[in-house]
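Q: So you can see what is in the structure, the chains are spelled out below.
Number of protein chains: 2
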Amino acid sequence: MNIDKIRQDIRGLSDGKIFLNNAGSSLMPIPVVDSMIDYLQQEEQFGGYEIANRNAELLEQFYEETAKLINCKSSNIAFATSATEAYAMALSSITFKEGDVIITTVDDYISNQITFISLKKKLNVKIIRMKNLPDNELDLEDLENLIKQYHPKLIAVTHIPTNSGLIQNVEAVGKICKKYDILYLVDACQSVGQMVVDVEKISCDFLTATGRKFMRGPRGTGFLYVSDKVLEQNYAPLLLDMRGAHWSAFDDYELFKTAKRFEHWELSYASLLGFTEALKYANNIGMHAIEHYNKGLSERLRENLKNSGFQIWDQGNNLSSIITFCSPDGDLENIQKVLKESNVFFSVTYKNSALIDFTNKNINGIVRLSPHYFNTLEEVEKVSNILRIIL
Amino acid sequence: MNIDKIRQDIRGLSDGKIFLNNAGSSLMPIPVVDSMIDYLQQEEQFGGYEIANRNAELLEQFYEETAKLINCKSSNIAFATSATEAYAMALSSITFKEGDVIITTVDDYISNQITFISLKKKLNVKIIRMKNLPDNELDLEDLENLIKQYHPKLIAVTHIPTNSGLIQNVEAVGKICKKYDILYLVDACQSVGQMVVDVEKISCDFLTATGRKFMRGPRGTGFLYVSDKVLEQNYAPLLLDMRGAHWSAFDDYELFKTAKRFEHWELSYASLLGFTEALKYANNIGMHAIEHYNKGLSERLRENLKNSGFQIWDQGNNLSSIITFCSPDGDLENIQKVLKESNVFFSVTYKNSALIDFTNKNINGIVRLSPHYFNTLEEVEKVSNILRIIL
Ligand SMILES: Cc1ncc(COP(=O)(O)O)c(C=O)c1O
Ligand SMILES: Cc1ncc(COP(=O)(O)O)c(C=O)c1O
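Sequences listed follow chains A and B, in order.
For the first sequence, our numbering begins at 4 and goes up steadily by one.
For the second sequence, our numbering begins at 4 and goes up steadily by one.
Errors might be hidden in some of the hints.
Since the list gives no way to pick out one identical chain from another, each pair is judged satisfied if it fits inside one copy or across any two copies.
[To be verified] Subject to a maximum C-alpha distance of 25 angstroms in a straight line, what follows is the list of computed DSS-like cross-link-like pairs (lysine-lysine):
id	residue 1	residue 2
1	Lys-182	Lys-100
2	Lys-76	Lys-309
3	Lys-263	Lys-125
4	Lys-354	Lys-263
5	Lys-125	Lys-76
6	Lys-263	Lys-123
The set of hints was computed from the structure by calculation and includes no laboratory data.
For clarity, every value in this text was computed on a predicted model and none was experimentally measured.
Kindly produce the complete structure, drawing on both the sequences and the hints.
A: Printed below as a string of structure tokens:
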């Protein structure tokens, strides 16, 4: 991995900032931005339809690059405008009835939780959250018991929760879902682009991701993976449009075969193209190399902060490039002040976004640093030193 | 209206093309493209979150400009990535049960029809299409009878169908919906930007529109209007996310008050900003002036084609800037060939996209020309002459 080259590909680093908010919204490499600008300028000349026709083959690469990234076929991929939209499209293909059960985790993303609560309020769906073990890994025995007791319609797990370094064992859950033949939806919003994500190994039916975070794509992009099994069983969004089916008779249609039926017909092709460039960029470097490098950075940063006396809130046996922490007295203000003054980019999460997790941890918030492969060990040391001084 | 200035604002006209596909995907004015490029370059420097924060006030103008355009408050507006997404978000807020009835028209858009058929297949919702009168206006007496017979949950009308010059009398339908207190959804995808659209006068609960057509915005943009009545009754998308509600307890949330709850949290702010510039552009010229000018152009073009012997397929008493036609023998090929050779931009629709309408008309397809306010009478005459020669 040629870090110098990778950093030269980022115009946003020229002012010396230390960018550690890749779990929020990362810095796009030059080819991502340039391809979008070029595409918009083509559209400006000839209108959006003409340009989509002329670039049809190029635009198809989105599906191929995504398939390569997560180890599936391009026919399993739908473009989405966000991880959340992908999640909603997947959920909308499941016909929930009163009393149906969804099993999820206490660490699942806020929007997923709100979506489930809406299903509960409107359709009387039951939400069950599986237990964590004392070491904060998922309690898989509890999961099997819950499955036997509730016969859930869906199991939904967030691979890497947004406010904790935790990497959930989604492969182990996948084995259980397969054993009991239960639909399995994985939110891989924070893992895709950060580490190797392999849908074959996870063995899920749906997997969702976003463009702007560790993938380094543009805002307003994401994707949905849909397994062959689910496609063959004719799952399709409830509010299907002409992207998904051929209108075959006044009151009938025939579903198209690929996962594109989970898209809306209209979309921003400039954004799709920018995202494709981001996918290519990651595929060219290779996700194994990226994962390995990221592990080195994040372990060092977490270790440094811990040694300086900060309270680290990451839990679990397998940790990610998301580092969450606060001062020993719980203070976040001083950390933020110092980071801002030093041109370090970071984010803060308060309890309202991580209600269950932070209630359990008995905290009001955390500061989050999320290094990525374009960051250097020197940057990690520099930030560690800046922070050490304030304690 | 200063046509010279308006044409100078379009880089896409410099090669002498005659652009008559505004019902497909129009040409963006310079400020639309430039604002998007500028915004993307800001994001490239600092990441998407930082730039959204810095531009928060500017980005709010999207809601104000849309509200101004269709005569409502900014709190009634949600951004959408397309008219179809807006439509799906609106529909998803209605809890359909087995046997519920949707009344729509035979001329409604293909994607709307497919969506309704999906609701029929999955939830056993009944689709009723109101009759047209011999002059192709909606049969409002039939509508009232259908309402009394079926007590529909929703009435859905496409303001200007995509494949016919028809302008539906959505105000008259609105009065009837009000009288019987029925939810009313208007697809204004082809009317917004082309003519005055006033939600007060239409008296609808939901109205959907897109960015790239007569609004001249970027691809991947649109909006949803939601009435105060519906907002106060707590309508919200079924698959709500953190954009729409505050997560107030482990298993509960509180809905936010405005129509933004019909958005997903993540979106392309570059696209939203470009769309805002398009809205400003139209508001500055004024929709009354645009409508008046467009009427002049489209009447002339329709008249010319008719006089040359083409078969015009536009029906109804009140016609729009969409002109649909074919040769007297039904041929489309020759028309397309000549238009392409003359650098005229147009579109073609085949029966599979307008199944009911074209079955009734007993045709296989039409050529569509859709002039807009940046076109000139000279262009209309030129195209008319080019086409006259082939008959
Ligand atoms: C774990 C997780 N899931 C889902 C999302 C939502 O992604 P998007 O904003 O692209 O819809 C996020 C965003 O922070 C996330 O961290
Ligand atoms: C009448 C009508 N409704 C809806 C749509 C769908 O709009 P979008 O492609 O932005 O979803 C169209 C597009 O052609 C249309 O003409």
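Q: Now tell me, hint by hint, if it's right for this structure.
A: Okay, the hints, checked on the actual structure:
no., hint, result
1, Lys-182 - Lys-100, "within (23 angstroms within a copy, 33 angstroms between copies)"
2, Lys-76 - Lys-309, "neither (42 angstroms within a copy, 51 angstroms between copies)"
3, Lys-263 - Lys-125, "between (28 angstroms within a copy, 19 angstroms between copies)"
4, Lys-354 - Lys-263, "between (37 angstroms within a copy, 22 angstroms between copies)"
5, Lys-125 - Lys-76, "neither (36 angstroms within a copy, 28 angstroms between copies)"
6, Lys-263 - Lys-123, "between (28 angstroms within a copy, 22 angstroms between copies)"
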